[in-house]
Amino acid sequence: MPIKIQSALPVKEILEKENIFVMDEGRAVHQDIRPIRILILNLMPLKEETELQLLRSLSNTPLQVDVSFMMVATHESKNTATSHLNKFYETFDRVKAHKFDGMIITGAPVEQMEFEEVDYWEELKEIMEWTKTNVTSTIYLCWAAQAGLYYHYGLEKKKMDHKVFGLFSHKVKNRKVPLVRGFDDEFLAPHSRHTEVTAEDIHACEALTVLAESEEAGVFLCMAMDGRQIFVMGHPEYDRVTLDGEYKRDKGKGMDIKLPKNYYPENDPDNKPLLLWRAHANNLYTNWLNYYVYQITPYDLEGTPF
287 MPIKIQSALP VKEILEKENI FVMDEGRAVH QDIRPIRILI LNLMPLKEET ELQLLRSLSN
347 TPLQVDVSFM MVATHESKNT ATSHLNKFYE TFDRVKAHKF DGMIITGAPV EQMEFEEVDY
407 WEELKEIMEW TKTNVTSTIY LCWAAQAGLY YHYGLEKKKM DHKVFGLFSH KVKNRKVPLV
467 RGFDDEFLAP HSRHTEVTAE DIHACEALTV LAESEEAGVF LCMAMDGRQI FVMGHPEYDR
527 VTLDGEYKRD KGKGMDIKLP KNYYPENDPD NKPLLLWRAH ANNLYTNWLN YYVYQITPYD
587 LEGTPF
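Residue numbers for the sequence shown follow the numbering used here, beginning at 287 and rising by one.
Please keep in mind that the hints were generated in silico from the structure rather than gathered at the bench. A portion of the hints provided could be inaccurate.
[Unchecked claim] Quick list of in silico lysine to aspartate or glutamate cross-link-like pairs, EDC-like style, CA-CA up to 16 Å: (1) K459 to E501; (2) K445 to D487; (3) K558 to E532; (4) K457 to E472; (5) K444 to E472; (6) K547 to D530; (7) K459 to E472; (8) K364 to D405; (9) K449 to D542; (10) K382 to D405; (11) K544 to D556; (12) K449 to E397; (13) K534 to D554; (14) K537 to D556.
Using the sequences and the hints, build the whole thing.
Next comes the structure, spelled out in structure tokens:
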């Protein structure tokens, strides 16, 4: 799939080396089709790393996808260069007049704070409300999934007595729903979090349909509004070494961090982790783009009411 991004975006060279077809603005204007417009609200501190992970995940479909990145204006990023943000990121005030086929809201390392304590919470609430009228389908990842369930459906997150950290097995539910089409009966996915929205609360919410669940890690995937809202509790976009980096970072800080479960061969952090979740992660994003974005969105995106 051709991903249309700004030609100077640093991850472009990495994606091309991985044989992922990346299209810049100059080539895209000669394509006589309307690209699918995807907006990514990147709340992660290492924004360039998250850009690369998500663009990889969106690269396995024949659709042309035009990706834009957005940041919150009410928070100062300390881990990404201001020059990078100014060049490649928009703020909400510059995009809110437009409509998008799809949107991804990433996780953020603020899960142990109350939602109302997060400095950009009011801005995020405005964005989440805006998605109802300006985005065909929105994916909420990890902390953003908890935030979305809290804002839209009043479900509280709860602190767990231990961090859910590692690779966990999930069983597919509601197999006839297109979002999990092509999934195996059980699949692995990464988690890295201290809090959860309990499976009991999610199942009790009539607006939500559970699509995948783990006995250890709880609900992994659920949706509402016929797929206009999709909540992913883990991190299917993570690279092979993302959990490794988190573990060694926290270990280096002297934190009481346990080995990520089911991740290192022989539970030895000196062993190279096996990449065991990429196929299902790609399938998830491909199904989303096809069944909940491309086949639903109007050709005249800006002129069609939701």
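Hint-by-hint comparison with the structure:
Note on K459 and E501: the hinted pairing holds, with a Cα-Cα distance of about 13 Å set against a maximum of 16 Å. At roughly 14 Å between alpha-carbon atoms, K445 and D487 fall within 16 Å of each other, so this suggested pair holds. With a C-alpha separation of about 14 Å, the suggested pairing of K558 with E532 holds against the 16 Å cut-off. Distance check on the hinted pair: K457 and E472 sit about 5 Å apart at the alpha-carbon level, within 16 Å; holds.
As the CA atoms of K444 and E472 are separated by approximately 26 Å, the hinted pair breaks the 16 Å bound. As the CA atoms of K547 and D530 are separated by approximately 11 Å, the hinted pair is consistent with the 16 Å bound. Annotation: proposed proximity of K459 to E472 holds, straight-line Cα distance about 10 Å (limit 16 Å). Taken as a hint, the K364 and D405 pair is honoured in the structure, with Cα atoms around 14 Å apart against an allowance of 16 Å.
With a C-alpha separation of about 10 Å, the suggested pair K449 and D542 falls inside the 16 Å cut-off, and the hint holds. At most 16 Å may separate the alpha-carbon atoms for a hinted pair to count; K382 and D405 exceed this at roughly 20 Å. Using a Cα cut-off of 16 Å, the hinted pair K544 and D556 holds, with the two alpha carbons roughly 15 Å apart. As the CA atoms of K449 and E397 are separated by approximately 11 Å, the hinted pair is consistent with the 16 Å bound.
Proximity of K534 to D554 is assessed by CA-CA distance (about 12 Å); at most 16 Å being required, the pair is judged to hold. Between K537 and D556 the alpha-carbon distance is near 14 Å, which keeps this suggested pair within the 16 Å criterion.
When each numbered hint is compared with the structure, violations occur for hints 5 and 10.
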